[in-house]
Amino acid sequence: MDIGLPPAVVTALTFVILGLLVWVLLTRTVLGRGFSVPLRNMLRGNETAQYPEKPRPVAPRFHGRHQLNRYADGLEKCIGCELCAWACPADAIYVQGADNTVEARYSPGERYAEDYQINYNRCILCGLCIEACPTRALTMTHDYEFSADQRSKLVWTKEQLLAEVPPGGEDTPHTDREVRQRGLNYYGGLAVTPPTLHGGRYKPAATAPAAKAGDIVPTGQLPEPDELPPDPATVGGPTRPEPGRDR
Amino acid sequence: MSDDVTFTIDGQEITAPKGTLIIRAAEQLGIIVPRFCDHPLLDPVGACRQCMVEIEGMPKPMMACTTTVMPDKAVKTHLTSELARKGQEGTLEFLLVNHPLDCPMCDKGGECPLQDQALAHGSNASRFIDQKRRYDKPVAVSSQILLDRERCVLCARCTRFSDQISGDPFIELFERGALEQVAIYEDEPYESYFSGNVIQICPVGALTSTSYRFKSRPFDVVTTPSVCDHCSAGCTLTVQSRRGEIQRQLARTNMAVNEAWNCDKGRFGFGHVTAANRITEPKVRDGDDLVTATWTEVLRRMRAAIGAATEAGPGRVAVLTGSRLADEDAYATSKYARTVLATDDIDHRTRFAPAGEREELAAVVGRDSATYADVERAEVIVVVGLDPEEEVPILHLRLRKAWRNRKARIVVVGPHLGTLADLAWRHVATEPGAEAAGLEALDGRDADGVAAEVAEALREATAPVVLVGERAGAGALTTAASLAETTAGSFAYVPRRAGTRGAIDAGLAAGLLPGGRRLDDADDRAALEEHWGELPAEPGRDLHAILTDAAAGKIDVLHLIGVDPVRDAPSTDLARAALAKVTTVIVQDLARTDTVQGFADIVLPVAARQERAGTATNWEGRRQRFSRAIDGPDLVQEDWEILVQVAAILGKDLGFSDLEALRAEVERVGRRDAAHPFPSFPSVPSDETDGDADDQDDDRLTVVARPLLLDHGTMLTNVPDLMATARPATVVINPTDADRHDIGAGDQVELTGANGTLTLPAQLATDVVPGTVLIPTNSTDEPSGVLADRDGDLRVTLSKVAADAPVEEVA
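Here the protein sequences line up with chains A and B, keeping their order.
So the first sequence is numbered by our numbering: it starts at 1 and just counts up by one.
So the second sequence is numbered by our numbering: it starts at 1 and just counts up by one.
No lab work stands behind these hints: they were computed from the structure.
Cβ coordinates follow ideal geometry from the N, Cα and C atoms, glycine included.
Honestly, I wouldn't trust all of these hints.
[As the list claims (entries may be wrong)] Straight-line distance between alpha carbons at most 25 angstroms, and here's what the computed DSS-like set of lysine-lysine pairs gives: (1) B:K60 with A:K77; (2) B:K76 with A:K77; (3) B:K76 with B:K60.
[Claimed, not checked] Now the in silico label distances, taken between C-beta atoms and shown as ranges: (4) B:R243 with A:P60: 48 to 56 angstroms; (5) B:E297 with A:S152: 29 to 37 angstroms; (6) B:L635 with A:S152: 24 to 32 angstroms; (7) A:P89 with B:T274: 29 to 37 angstroms; (8) B:T80 with A:S152: 41 to 49 angstroms; (9) A:T48 with B:T274: 41 to 49 angstroms; (10) B:P40 with A:L125: 29 to 37 angstroms; (11) A:R182 with B:E191: 40 to 48 angstroms; (12) B:T274 with A:R56: 47 to 55 angstroms; (13) B:D634 with A:D91: 50 to 58 angstroms; (14) B:E297 with A:K153: 39 to 47 angstroms.
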């Protein structure tokens, strides 16, 4: 059949028309759309992951189970402030704050988490707790393998959530003396008030039947003042004024 | 209306009385100007500079909390004025310059006015880049209060509270400039019964509580409104619990009762609910031990014991109640005793009442009592046999408010001034128990000296108030009522404990029936018998008679509801003898008291106030409902529930099985339309010292025993921080008596009474009537009752303990 076109054009048109026909067949007809799936997948590589033998890496910001971090010396970053519990939309976090003492210091500052529990029956791994944490104590790991066969096992306690002690650090509790001698500024920066290193152990009631002015503040063994460089940020002198000084 | 001022705030017109502060007027329009130092119950000071507003015609922004309203001025707050908004923002930035950002650590975080207002009114960023001021922290201002000076914004709320409201000048601002700080006087202990309030009013986390330290956050506590169970003031409280445990109690604002305050006992004194000595399960005696039993078993034993006693004859069962009970319990107890046990041998008092008090109490019920508002308005206040700060602390604050704001003249009638020493205008000194005679002299007929002055003041005053406490002797209530009547004033009976007024209303005293009815009044009897069935024929015995008869073996079963006679009864000797003799002692109580430990045969665990709902009546006669804040231990029951079951096992029906039905019955039955008249008394009980005439020869002194606020009470266990602020137990002696016995201040003095001795350090005070010494009832290892003879007569000889002699430990 001669339609007065050069043979090359006829050939090209033939391919275009055939191509269109195939496209219509594969996308517009039921049969074709059915066949297109195996056809497409025949061209793809193997997608099967060899889990659990070879788990695949997760996305960098994956929300896995939580972890309570530590400073380099082993002190806990968590100060037991309960902001994570406050932020939690699923009410999955329980925190009980307590006082650091001179003899047993768990975190910088006065407060630490005496108890910390995350209930993974409730947790939706949304990460709002991470955003709320003021000290970056709570972060999420890439660990997602923590299913259990009992609901009680899904309540993770502080011991389970705490990170490993970093090399060179020690497990808590530390003593105030050790921590002061390290001279670290845990929070860093000038505009942020670094946490005071006095243990929050005011004299217990039993030994202070009638509290006198200026008394109190930490009991127990504090370092001698000359052991340490003076803290330039502290003003107002010692808590107990010099005898005879007129206030 | 000429005193009203009309002006505009943010364009809205408002009329307010002259002298109103702009910040208050703005509140009425719903415009909240940020503030730290301003507190409606404290004098304005303008310390924090946060409440700047722009006032038309004023060159600079003004403080809304110290500026009063001015006619026709246009006030613009931060809502409409850029000047005010920028000013407030700047002030907040300045306040935050030295305020540490340790909110996550701070107990105030989440309920902090500084946090909230910095968010609402502050700028987003601070320009401050240097290191902030730091102090050693925290300083324990007292064993209950910790001070973090770096958090303080120097609003002076706490110092103004202690100066203006509680009158305990312990906390002040020291130093100047950037170093200005709150501190306590160096060698004076912070001794205040109202210290907890400064924690609550602190607008930052500078003052925090030791007992609540780091315990919880406002979002994770369950908040329940409640009414304090410690004294008859009836303060409204907020109980906050977490995971079923009470974390703290706060004062709830109720301007008619406790304003915005409460005392430390009410605020911190909830440890008894979880104390180790709390009774959590029914127990029965097995030899020297109390062993756990089931409710079924204890109820069966009660049936056996009460059944046997009832068969043995009338008058062999008696009921004693303390004053811990809620109104519903009191009514149920009253009905239980009269209808189930068929006895009128019942008494709620822990003192040996003077003769005729039954009629007086009946007359108190249903009569208009003086109220807190009356006290606040009064020009003259007569206080009889009452030490308000130790017994009803909030009443003390109200007295102080009247004294401070209106120069009210406070007259104390009785053997000592006590804690009213600073406020009292005149002291009408009387012998203990002779308060009625002292009061009678105040009508001015043939008075002289102090009494004449007081009589004159009472005549001139518009609405004087007479407050009669529990220690006022025979006839004091009657005399007070007639004095109030003649001076066109009002009077009130002010018992110490929370349940006393409710107990009187419910008729928990021999001869007294609910609603102020009297058993010996035929109409009253008939009215009540309609609902209750047959009542006992004769008025029964009071505490003294019950204990005396019990000691004589005439009583088989003693049902004690919330009372510990060993420590509470005026005569410990008699109480012990009675409890030892009684065959079956049934104790229904919160804690393992001395009575439970030593004498109880059947022990029934009850729910504490925070663990149940109920109603409490305070000294004004004001009824306030409280609700359940936490669950009690599994096996405890409410007092009235127990009585319903005991009645049932004895084959009787109390007629109610739930709280609503009980309340409905109290409303229906427990009220009488009009009050009985006061009985007439021989004008002055002249035989006060008759029969003791020979005592005048010897060296014995009369003892006035009055309770201290913080003592060895059952409901003050497990609160070490609170108890560390208890005032020391002392014996207060008049210097003339002290000289006679060669006793100086601070000496250890041995008081020898009829049945025992107590050793206490001496304190000399001239306000104690010569011949009288003042001791605390329950602040020593042994209560003051050990000194008394079996009639409750407290007379002692004094002797100084040589300095090197071993001294008995006193708390």
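Comparing the hints with the structure gives:
1. B:K60 with A:K77: This hinted pair is violated, its Cα atoms lying about 47 angstroms apart.
2. B:K76 with A:K77: violated (46 angstroms)
3. B:K76 with B:K60: holds (12 angstroms)
4. B:R243 with A:P60: 48 to 56 angstroms: violated (37 angstroms)
5. B:E297 with A:S152: 29 to 37 angstroms: Holds, since B:E297 and A:S152 (Cβ atoms, about 35 angstroms apart) stay within the stated range.
6. B:L635 with A:S152: 24 to 32 angstroms: For A:S152 against B:L635, whose Cβ atoms are near 26 angstroms apart, the range 24 to 32 angstroms holds.
7. A:P89 with B:T274: 29 to 37 angstroms: Given about 32 angstroms between the Cβ atoms, the range holds.
8. B:T80 with A:S152: 41 to 49 angstroms: violated (58 angstroms)
9. A:T48 with B:T274: 41 to 49 angstroms: violated (58 angstroms)
10. B:P40 with A:L125: 29 to 37 angstroms: The hinted range 29 to 37 angstroms is violated for B:P40 and A:L125, with Cβ atoms some 47 angstroms apart.
11. A:R182 with B:E191: 40 to 48 angstroms: holds (41 angstroms)
12. B:T274 with A:R56: 47 to 55 angstroms: Given range 47 to 55 angstroms: holds, Cβ gap about 52 angstroms.
13. B:D634 with A:D91: 50 to 58 angstroms: This hint is violated: roughly 25 angstroms between Cβ atoms.
14. B:E297 with A:K153: 39 to 47 angstroms: holds (40 angstroms)
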